[in-house]
Amino acid sequence: MTIHEPLTEPPASTTNPGTAASGGGLTIRGLHKVLGGRTIIDNLDLSVQEGELVSLLGPSGCGKTTTLRMIAGFLEPDSGSIEVEGQEVSHLGAENRPSAMVFQNYALWPHMTVAKNVGFPLKLRKMSKAEIKDRVEAVLELVSLLHHKDSKPARISGGEQQRVALARALVQEPKLLLLDEPLSNLDAKLRVKVREDIRKIQQELGITTVIVTHDQEEAMSMSDRIAVMNAGKIEQYSTPEALYARPETEFVATFIGSMNRLEGSLNNGLITAGPDILGIRPEDVILAAAPFAGAVPATVERVVPRGHFQEVYVRRADAQLRSFVSGELMQPGQQTYAGIRKAMTFRDGRLVAEAGAAL
Amino acid sequence: MATTAASRSRRPLTLDSMVRSALVGLFVVLMVVFILGPLLWLGVRAFAGNWTFPNLLPDDWTLRWWQVVINDGALGIAVQNSLFFAPLTVLVSAIICLPAAYAFARFDFPGRRFFLISLFATNAFPKMGLFVTLAALFYALNLMNSVLGILVVHVLGTVVFMTWIPAAAFAAVPRNLEEAARDAGASKLRVFASVTLPMALPGIIVAAVMSFLASFDEAQGTYLVGAPAFMTMPTQMYSLVLNYPTQVAAVFSILLAIPSVALMLAAHKHILGGQLAEGFQIK
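Chains as they are written, first to last, in our numbering: chain G, 1 to 359; chain B, 360 to 642.
Extracted from the complex, chain G is given alone in its bound form (with noise of 0.2 Å):
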């Protein structure tokens, strides 16, 4: 009935970090920094694809302002290369990468207008006036602000400040385009729409971008691909289907989406004591109200709707486990059936085997 499947090979969606991409986008090799006695960046290594978009996404304190500050050239790294587009940039100046940054709190210029704002990449590139003001109106009119452009930053609200620090970073025409939390300071309505328009407008211009990120559902929804940090490494990089369906660790595994972490392994739908770590993605709990193949008796302890699902907390023989489920709101006390579609299994860290149990 139930069956462990090793895992043998990485699927393909999961492609190896260090392979180098020739031509374009961005490589990173071996890239590390030290501060202050700690190793904030542990050889690390990425390649981003010409036009692709990638999220660095991670907890607080994991490495990954610290990667985009030393692709941007504002922190310069212990040891490491940078390449972007196959030039290699370690050694030049923020003033000399062909990279934009896009900063978490915006850093727009107070004393001068939106229209300065933008202009001043170009200003600074001795264009005439005329071509300054035709490039800064194509692109406040792309991020839809351009009869804002003689209003100063602090007169136009935070949605829009993006969207100007978006307009400044795009129309130095870069060939990286990095963003640092670009949605933190958005209210949760303003941060869906802007996260579309930053997609649409990247797909548009087909830029290859870096963002940094600490929410896995700006990171999911937006990203060709993810490279989940920890401690100033790459746990995993791949595509945020693959991140989900297949994390490689443990460290992945709890930190995109929700899981069941308990100890013990996987028998015949029970769980029974072990040394290994098993994770159950709540949507992966069965309930019904009727027996079924693989399921066991239980009692639902907790419930707290979630608009459009419910959790349920249910207690079995053998664990409490926690459930996503549609329908009909469930009561405290009532008596169900509970079985596991399906269980990661993980040992020091690492996911060895994925259990399916066919329901």
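If you are wondering where the hints come from, they were derived from the structure by calculation, not from laboratory data. A couple of the hints might just be wrong.
Unchecked claim - Cβ pair distances, simulated, as ranges: (1) S60(G) x F393(B): 50 to 58 Å; (2) D467(B) x D187(G): 33 to 41 Å; (3) N96(G) x D576(B): 44 to 52 Å.
Said to hold, decoys possible - Computed from the model, here is a short list of chain B residues facing chain G with C-beta under 8 Å: (4) A539; (5) G544; (6) V554.
None of these values were measured; they are calculated from a predicted model. Cβ atoms here follow ideal geometry from the backbone N, Cα and C, with glycine treated the same way.
Here the structure of chain G is known, so what remains is to put chain B in place on it, guided by the hints.
Leaving out everything else, chain B in the frame of chain G:
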């Protein structure tokens, strides 16, 4: 119903507001007496002929004292000297102190705090003691009765303003605004000229105004180092008070106040109308 409720709630309010307005009135009167009073007396005095004791106003009015001041060659030179030393002091002080202020704000070097605090040293001791030692040094260096000597005295008096206030202004410029400019392709010098300096400018202007006024009002040191070769307006005041009728001193102090007041008004307008009032939303 509604009116009775209103009147009941109004009663204690009136008493309260009466006490409050009485206190405010008292405060205003005291302010007028102690701030405007002397100024008013000064203004009247400058136009007074004879003014006998019990009378509230002078017996007769005259412009004679203004003529005395304007026609006196020494006073004209004092005005010239003051208008020469004050701007020069601001300029020299800015050249010396602004780079120091930037360094205090942006770099962490050994002894940073010590140097910052030690700038207060010139203000920590009685000025006269400092000037006497300075004079001894100046005799040795042949700086007595020289432009350079007076300039040194004046600049010393402005170092604290010209360093501390701009240092705070530079430190308040968010780093990522400078980083954003570097990212846009600006050299370090360009970042300073286009972002750091314009954003710190209100603070620098405040420091410049305060330095100008400090130099303009500096009397003790200037008298010790500069007199009698270089008399500025405040040092000339000393001889006026001693040598002329009090009316001349009144005229002169009004003249002395004009540049200060004009400068304060201009700075006030610039700073309140400028970037400080815009209010940064950026951390």
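Structure-based check of all given hints:
no. : hint                          : result
1   : S60(G) x F393(B): 50 to 58 Å  : holds, 57 Å
2   : D467(B) x D187(G): 33 to 41 Å : holds, 37 Å
3   : N96(G) x D576(B): 44 to 52 Å  : holds, 50 Å
4   : A539                          : holds, 4 Å
5   : G544                          : holds, 4 Å
6   : V554                          : holds, 6 Å
Checked against the numbered hints above, the structure violates none of them.
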